[in-house]
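Put together the whole structure using the sequences plus the hints.
There are 2 protein chains.
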Amino acid sequence: MSEHEKIDYVEFPAKDLEVAKSFFSSVFGWTFEDYGPDYAAFSNEGVDGGFYKSDLTASTANGGALIIFYS
Amino acid sequence: MSEHEKIDYVEFPAKDLEVAKSFFSSVFGWTFEDYGPDYAAFSNEGVDGGFYKSDLTASTANGGALIIFYS
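As given, the protein sequences belong to chains S and F, one line each in that order.
Counting in our numbering, the first sequence runs from 143 upward without gaps.
Counting in our numbering, the second sequence runs from 143 upward without gaps.
Quick caveat, the hints were computed from the structure, so don't treat them as lab data.
Check each hint, because a few of them may be wrong.
To be verified - Label-pair ranges, simulated between beta-carbon atoms:
| id | chain 1 | residue 1 | chain 2 | residue 2 | range |
| --- | --- | --- | --- | --- | --- |
| 1 | F | PRO179 | S | SER167 | 40 to 50 Å |
| 2 | F | GLY171 | S | ASP176 | 30 to 40 Å |
| 3 | F | PRO179 | S | LYS157 | 36 to 46 Å |
| 4 | S | GLY171 | F | VAL169 | 32 to 42 Å |
A virtual CB, placed ideally from N, CA and C, is assigned to each residue, including glycine.
This is how it looks when you write it as structure tokens:
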């Protein structure tokens, strides 16, 4: 449920979507909904979001936001 | 309130904390709690998080996570 004036969604780059999904499924218990071969969405895991296939890597060394997962 | 296995917190770099706070206060109505001159935290704005003073800039061109704000 989107709320006005809040952070609503986070997208992460992933070099290999299957590896990313496998990691977050096994470690965090997340489930994913695929949108074709290049996108996998998750819902209600703190925020909604998704992984998109990309050769880029999220890194705070490049100024990327630091995302903290609670386990 | 932290929940297990969820995204819990997001940290953004900000070149000028006062400018960042002013923008998110006026546009999104957020409030901040300062932790000294180099950190400003926010709570419950979709997720908890904060801005830290840095010359870096969050950019998806560098692989940074794309954070979507709902307004």
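These are the hints, each one checked on the structure:
Taking 40 to 50 Å as the suggested C-beta distance range, the pair F:PRO179 and S:SER167 conforms, at roughly 41 Å. At roughly 36 Å, the beta carbons of F:GLY171 and S:ASP176 sit within the given window of 30 to 40 Å. The hinted range of 36 to 46 Å is satisfied by F:PRO179 and S:LYS157, whose Cβ atoms lie roughly 38 Å apart. Range check, S:GLY171 to F:VAL169: Cβ separation about 35 Å, and the 32 to 42 Å hint holds.
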